[in-house]
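Going down the list, the sequences are from chains A and B. For the first sequence, counting from 1, position 8 maps to 7 in numbering that gives the first Met the number 0; every step adds exactly one. For the second sequence, counting from 1, position 391 maps to 390 in numbering that gives the first Met the number 0; every step adds exactly one.
Just to be clear, a hint being listed does not mean it is correct.
Claimed, not checked - Straight-line C-alpha distance at most 27 Å; calculated DSS-like pairs for lysine-lysine:
| id | chain 1 | residue 1 | chain 2 | residue 2 |
| --- | --- | --- | --- | --- |
| 1 | A | 79 | B | 354 |
| 2 | B | 268 | A | 46 |
| 3 | A | 46 | B | 434 |
| 4 | B | 270 | A | 133 |
| 5 | A | 133 | B | 268 |
| 6 | B | 354 | B | 233 |
It should be emphasised that the hints constitute simulated quantities derived from the structure, not laboratory data.
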Amino acid sequence: MDTRTKKSQQKALTGALAAREFSRPRLIVIEDDPDVREALRLLLDGKYEVVGFPDGDDILAAIDNYEPGLVILDVDLPGKNGFELCRQIRQSSKHRRLPVLFLTVHRDDESFVRNLQVNADAYLTKPFEAAELKETIRRLVTA
Amino acid sequence: MRIRFQLAASIFVTGCLGLTALLCDRAVAVHETLYKRSETRARAMVESLESLLLADMRDGNARSMTKVAQSFAGLPGVAYVQIIDRTGRVVVMEGRRNVPGRAKGGYEEQLDGLIEVHTAVIDPSSKEMLGGIQLAMSTERLEKIVRGIALRGLAVGGPALLILALAAWYIGVLLGRRLESLSEAVERMEGDEPLQLEDGGTDSEVDRLSRRFSALNERLASEKTARVKLEAFKDDLTDMLIHDMKHPITVLGATLALLTDCDHEGFSKEKIAGLAAMGRRAISRENAMIEEMLQLSRLNDAEVPLRRTRLALRPFLEECAAANAVIVEQSQLRWRLDIADDVSGWVYGDSAVLKRLIGNLVLNAVEHSSAGCHVTLGARLCERDRSKVEILVRDEGPGVAPELREKIFEKHRTFSESAKNVGLGLAFCKMAAEKQSAQLKLLDMGGAGATFALVMPVFREPQAAPKHPEAGDAKAISPSAVAEG
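Using the sequences and the hints given, assemble the complete structure.
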């Protein structure tokens, strides 16, 4: 797929969605698997407005537009991986306090250490319990 | 010290010791034989004296006894003859008896330089002891003979020893040099250096052995590299599988959680149906992954070799086309078989594995195509090498991004977000192709879509006398061979 086309579509979508009024807390989900993204949206749809992206190329712009209460990141992503995106958020003076939750399949120590190094707020491994996910998100959003 | 000198010296010393031991043994044997013979002769002479002197000793005829003793003492090798009367007094003493010290006891006494034999003379009628006779043989002559033999032995043995030494040195040097070259060859092989044989073009045993070692070494290194590569490949796949298998499970978990709470959430029937579809899709993905893992496992299993047979190309491709047509049609796509006119003959391969490989490529094309598009199975001869055929699977989907073209087989990833499998299919295809001495390539055909090419050697009967035409050749194929699906 043409990268420029994809980016322009994503920006257009971002702008359109940003114009909408959100009454519920907003979450940004960066997850490359469409089914997992959809499952997360359905799981959290009742209490949160979920906006999903397959990659994090324009993550700071998306955060600017949506002003989410939490960002959920996968680790293995096309382009920049989850750790790089988290580091990018933490280096941003405007969004460095934004809660970040990692959802990944990696359970090994290296991932865990890297997760701590990039100063994420929470870490859940797939497959996760729906209740645990909801509770973790609730805690991070209301903190 | 170098091996050749050590070996030569060892063989030389061993030879010298052996030869010396042999000479000594022969000398002792000759010495003993001569002494035994002298003893026997002396005993025979004493017995003769006894019978000759019996009457004279009974009568005390000293004159006659002296005559007899003189005649015996004059015989060659006899040192002296001595006759003693019944009182022990020496009656006759003929010959010389200037020998140092006499040994005590024994019927036969051997002194230095003398072999003495003595006997008591008894009157057979009266059983009365008449006296004794003693005869001594000089060993001087024997010693001379033995010395002569020893000198002759040395005269012969010296040059023999010299010849042996030279032969031993030559053998040692020869063997040692071969051992050294073998040892150096092994050392070079250990150090991964190229094998340089000393004798260049010769074909000695050592050279052949070195070459065998070298070939074996190269084969082992090659096998090791292949195994390391395979292990890395398997590790990569395992890592990827662990990663990707968790996604459908995550979806399934979320789906079940949502379905459990659907009353509470107030889901519509359509939403519940959507969730169920999502769950089924997740199960389908898991199943596909398990199937692909089984395929890979079969390919990796050295105990299950591929059953490569001769496959007539056209019938085989037509069979593949028929097998995959249903999948393509069910996906609302158009199926096309496009075999170039000049494609004929046969390929060698495992029919089942090749079918699966082509099936995976078709499935991959289906997954990346939109409704109404064409999926094509084709074949053509390679432009650069007409001895090879390209079996093509082409789709009209979004294609593969340039940055992913090189990585698509290495990373074993799908190249589209919409893919239903996890990329193991292409990993299987690549491995299956390599196992059959074929290549799997992603061609740059320009325009939209992706084209995968399986490149294999193709074999044909000589055109002059095609005695056994292939089934595929006999079958009429239209010039374009287009079959719309």
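A quick look at each hint next to the structure:
Among the hinted pairs, residue 79 (chain A) with residue 354 (chain B) is inconsistent with the structure: their alpha-carbon atoms are about 38 Å apart, more than 27 Å. Annotation: proposed proximity of residue 268 (chain B) to residue 46 (chain A) holds, straight-line Cα distance about 21 Å (limit 27 Å). Distance restraint check for residue 46 (chain A) and residue 434 (chain B): the Cα-Cα separation of roughly 53 Å exceeds the 27 Å cut-off, and the hinted pair is therefore not satisfied. Note on residue 270 (chain B) and residue 133 (chain A): the hinted pairing holds, with a Cα-Cα distance of about 20 Å set against a maximum of 27 Å.
Restraint check for residue 133 (chain A) and residue 268 (chain B): the C-alpha separation of about 24 Å stays at or below 27 Å, so the hint holds. The hinted pair formed by residue 354 (chain B) and residue 233 (chain B) meets the criterion: a straight-line CA distance of about 23 Å does not exceed 27 Å.
In summary, the numbered hints that this structure violates are 1, 3.
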